[in-house]
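*Asks:* For reference, the chains in residue letters:
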Amino acid sequence: MTNLPDDYCSIQISSANETERASQSLWALAWRKLCENRIALAALACLILIVSLTLVAPWIAPYSPTETDYDHLKHPPSSVHWAGTDDLGRDVLSRVLWGGRESLRVGILVVLIGMAGGLVFGFISGYYGGLLDDFIQRIMDVFLAFPPILLMISIVAILGSGLTSVMLAVGIASIPGITRLVRGLVLTTRNELYVEAAHILGVRKWKIMVRHILPNIVSELIVYASLMIGGSIMVTSGLSYLGLGAQPPSPEWGAMLDYGRSYLRDAWWMSVFPGLAIALVVICVNLLGDALRDALDPTIQ
Amino acid sequence: MIKYITRRLILLIPTLLGLILMTFGIFKLTPGDPVAIMLGQSASPEQIALLRERLGLDEPVHIQFVRYTWSVLQGDLGRSIRGGVPVLDAVMDRLPHTLALATTAMVVAVLLGVTTGILAATTRHKWIDNVIMVLSVGNLSVPEYWLSTILILVFGVQLGWIPVLGGTGLKNLILPTFALALGPAAVLTRLTRSTMLEALHTNYVWTAHSKGLAEKIVVLKHVLPNALIPVVTVIGLMFGSMLGGAVFVEAAFNRPGLGTFAVKAITNRDYPQIQGVVIVAALAFVLVNLAVDISYAFLDPRIRYE
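Taken in sequence, the protein lines are chains A and B.
Residues in the first sequence are numbered consecutively from 2, following my numbering.
Residues in the second sequence are numbered consecutively from 18, following my numbering.
Pulled out of the complex, with its shape left as it was, chain B reads as follows (with noise of 0.2 Å):
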């Protein structure tokens, strides 16, 4: 065990090494001056020179990649370009904002999409089947901001049972976490009901069914467990396409966290702040990653040998 967590350890080395050279890349790739750019067309000649100076623009690229990298690595992301303040200490400030949403949205899209998926599986061809299936493509396929949008105009405009817009409390994460659930939930659901219907035919379910089990029992105790091998791995995978949809419903919802942060960076061409929201939420995203893959080896000893 510690050794396969070693070696996923190693191999996180050259994909840090990759970020941080993708996010060198966005300034130094950016056409033009980005500190004029970043100035904007009131900046002297004087006071290009001297931002040009304290980021470290005049040393040769090689010099200013290792320079770059030594400060990621010490956890120094540089100051915004308005308002000086850390970068760090800013994009940590709405790391958590985007974390809660997404552990929320996870919840639910779990808990909803598997059940309807069992639903589904165990209805098969009947009604409530079609319906769960409809309802998921239709989930699939409504953009994020979308169904923001739409669940503001209902429970907030029209019904006014909700708070909408700006706020952080837990009733302000209700409408964000549904938005961002649905779609994912569809996926789950979709997954679930085919694997159940994979492992409803199995010769064990049959021996199951034979010694006269009740169906709840079987379904619970026999299908259940192993349906859901391939959900958990799929529920790892998906925290990456939660964190896309997050940058979405943030806008829609006007919260803070790192979708918002980072649009406002681009917006302002704040390149060091840029980095370092790209940065924070590739770490996140890859720790998370290990994190699952780590329990995933713990649950399934297969994995580790592999």
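Same shape as in the complex, but just chain A (with noise of 0.2 Å):
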């Protein structure tokens, strides 16, 4: 007994290397397979590129996304304003690439707040189990009872109006199902042998969910995660469309096309080029998720 902690520090250095070298294999073979998928790569690529468009907007746009020209009003796309401008002669094209720093980060930012929330609910319910679990498990059931909408436009009401909330909003509604899909995907792997032997050698527990169970769970999250960014790129835009996010000076995709419905009829580009950047976002993002869920799921090597 008394080598105990030796054996236990020599077993447990062993097996990080394990899970580490495990997990880069899995990694590099899923990084191949990504590789050989072409339309993942297209898909990638385009993506990769309205991303970094919208990062570097400041210094390429090439006009000011907010600075008005009265002698420029509602003019069709051409070679000046690519994209046209809009009522107040802004230039849609550098509105759109300013938007999307907006949109792309509110987008993501959502994912996180559920992941995190998610994470948390999940591993207490799945790893603790006993009451706790079944009151987190009530609980989530009420909500899953329910369209996301209504929790959301609920949490919109509580918070108010404008981005963050809508941001909140979003991200709390995906909560419930998140924690679902954590509580399962740990309750089939704390029973395994790896986790019951770094119980027994008095590993404290959060270091068993963080350094063994969580490792063994990522592959799957990060499927779930890429697939649920284009719905939150959609309904985040889509809340501020309503009206309840962005507001109008701000050139949030979704903002962008509620102020264009109003000039729909003499001035489509204002409506036609945030939606498309939407929808090219969301399109690359979801191609890239089907494709990283081919590439990670171990039962299709």
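Source of the hints: derived by calculation from the structure; they are not laboratory data.
For each residue, glycine too, the CB sits at the ideal point set by N, CA and C.
Certain hints may be false.
[Said to hold, decoys possible] Every beta carbon over 10 Å from chain B, so not counted as near; a handful from chain A, in silico:
1. V52
2. D142
3. M210
[Claimed, not checked] Some residues of chain B that are not near chain A, with every Cβ distance over 12 Å (derived):
4. I54
5. I65
6. V83
7. V89
8. T121
9. N189
10. V236
11. I252
[Said to hold, decoys possible] Cβ-to-Cβ under 7 Å is the rule here; a few derived chain A residues that face chain B:
12. V143
13. I150
14. L151
15. I154
16. A268
17. W269
18. V283
If you follow the hints, you should be able to join the two separate chains into one complex; please do so.
*Replies:* Below is the structure:
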């Protein structure tokens, strides 16, 4: 018994190395499979292009997103204004580039909020079990019994309109689904031999969760997250379109669509280009998510 | 069967309590004084005090909750802050419009999704299949509100075929129906295609083929009924996303309905209206799901014994 700490350390180290090596090979394999999928690569390239264009928008956007030009009101797309100008003479292309920063940032933050909440509740529920698990699951059951849009609307009603409220609302509304997913994954993983071994060796609970269980469920979480980003961007922009999120001067894509509605008859480009941007991003993200799922699914190997 | 239905009805009770707690929370969790927010900045302290009293906000929280639950159970959802119309009446006025839109969209989505799914599966790897699959990926990624905009632009503004905005006649339902149906149709296309492909490679289908049955009969009589079981399940689950999509489509076409009602209520900060629309929409959703589940139990005896 006296040499247990030594043993424990060596086993601990070797098991850590093992998981690292295993996960590396899984990632390497997944990357190789992803590279063989030409559609996925095209989607990835397109996505990288769009994201970097919005990131460098302050330097490459031909005009300011907010500066008005009363000599060029509602100009159709031309060589000067590639995507035309709106009713105040603002350059639509520049606004779409700037707006992407908002829309994409919010879409990704939503997924992070949902993942953070879902991981905490899912781990507590799945790992500790018992009454706590029952309690959390009954609450999630209630939320899952209704369409998410109702929960989002309720949360926006509580927090008031604005892009931050919308982001929180969509993020929180995604927590029940992720909690369910994480709980299921934790439940299947916690009975694995390596977890039991760590448990017997006296590894602390939080360490078992972070070092032993999490790395083994992370690929499923990544797939879920990647498939979720597209929907998040659509819904957050949609709530801005309803006037509940980003407000008019902001070039957020949904808000631009909302603004362009009134000018559908004489300035179609005000509505077409922001929507095209949303659709393009979502198509790329969804294609990539599908490919990731195939690449990371060990049953297909 | 009666036992199954009773069990499902009993399971509704915690869901309903959760729903009431959630809508109660809308009012209680709002930071600041919701009464002051509702009345706006010009309200005098007397007006605020009066409304607080009318809403019973001076009582302890648990009393408020019991009182609220009791009135909701009696069908009293309060009165709107502006205009003082009973919320239940106002919401019930809008509900048929949303249900009509969701129902027609569901019918179109099923017809479109299942037929294109069958077509894609039976022409696997030919150009028809490829075109259908590419279109379905595209459809899944186009938000309803932008699709609505494009439909209005093409059919309303450019071609002038169909009236686009306002109005609640049948003609006004065509474009919103398609705007709402295309996304779910794409989901059904992909699902039908994959379950069809699975069913095409089963022993009973090979048997049917080796008996010399015509391709058409094999597909319609042997493959389809088995392939459609998972599809029917998904159709029930889709109603929720339809409700979500309807919010955006209604806004785009400026149609009366629960979606536009909810958005207006939030913008006006009319809390009784927000609570009312959430309760009614959630209840409609839960009841439709219950009806769908019970009808499955009729169709598939296995479900009853789970």
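*Asks:* Given a cut of 7 Å on the nearest C-beta pair, is the interface hint for A268/A held or broken against chain B?
*Replies:* Violated, because the Cβ-Cβ distance from A268/A to chain B comes to roughly 11 Å (cut-off 7 Å).
*Asks:* A cut-off of 10 Å on Cβ-Cβ distance, and M210/A was said to be off the interface with chain B. Does that hold?
*Replies:* At roughly 28 Å from the nearest Cβ of chain B, M210/A sits farther out than 10 Å, so the non-interface label holds.
*Asks:* Hey, is V89/B genuinely clear of chain A, shortest beta carbon separation above 12 Å?
*Replies:* Given that every Cβ of chain A is farther than 12 Å from that of V89/B, nearest at about 15 Å, it holds.
*Asks:* Hey, does V52/A actually stay past 10 Å from chain B on C-beta?
*Replies:* holds (16 Å)
*Asks:* Would you say V83/B is clear of chain A, with no C-beta pair closer than or equal to 12 Å?
*Replies:* Per Cβ check, V83/B is outside 12 Å of chain A; nearest 19 Å; holds.
*Asks:* Can you verify the interface hint for V143/A: is its Cβ closer than 7 Å to any Cβ in chain B?
*Replies:* holds (3 Å)
*Asks:* So, as I understand it, the hint says I154/A touches chain B; can you test that by seeing if any CB pair is closer than 7 Å?
*Replies:* Since chain B brings a Cβ to about 5 Å from I154/A, closer than 7 Å, the hint holds.
*Asks:* Report holds or violated for the interface hint on L151/A, using the least CB-CB distance to chain B and a cut-off of 7 Å.
*Replies:* Holds - the Cβ of L151/A comes within 7 Å of chain B, reaching about 5 Å at its closest.
*Asks:* Does D142/A clear chain B by more than 10 Å, comparing its Cβ with all Cβ atoms of that chain?
*Replies:* violated (8 Å)
*Asks:* When the nearest CB of chain B is found for W269/A, is that gap smaller than 7 Å?
*Replies:* This interface hint holds because 6 Å falls under the 7 Å limit.
*Asks:* Checking the smallest CB distance to chain A, is N189/B really beyond 12 Å?
*Replies:* holds (16 Å)
*Asks:* Hey, is I54/B genuinely clear of chain A, shortest beta carbon separation above 12 Å?
*Replies:* Contrary to the label, I54/B does not stay out of reach of chain A, its closest Cβ about 8 Å off (not over 12 Å).
In this structure, the earlier hints numbered 2, 4 and 16 are contradicted, and the remaining ones agree with it.
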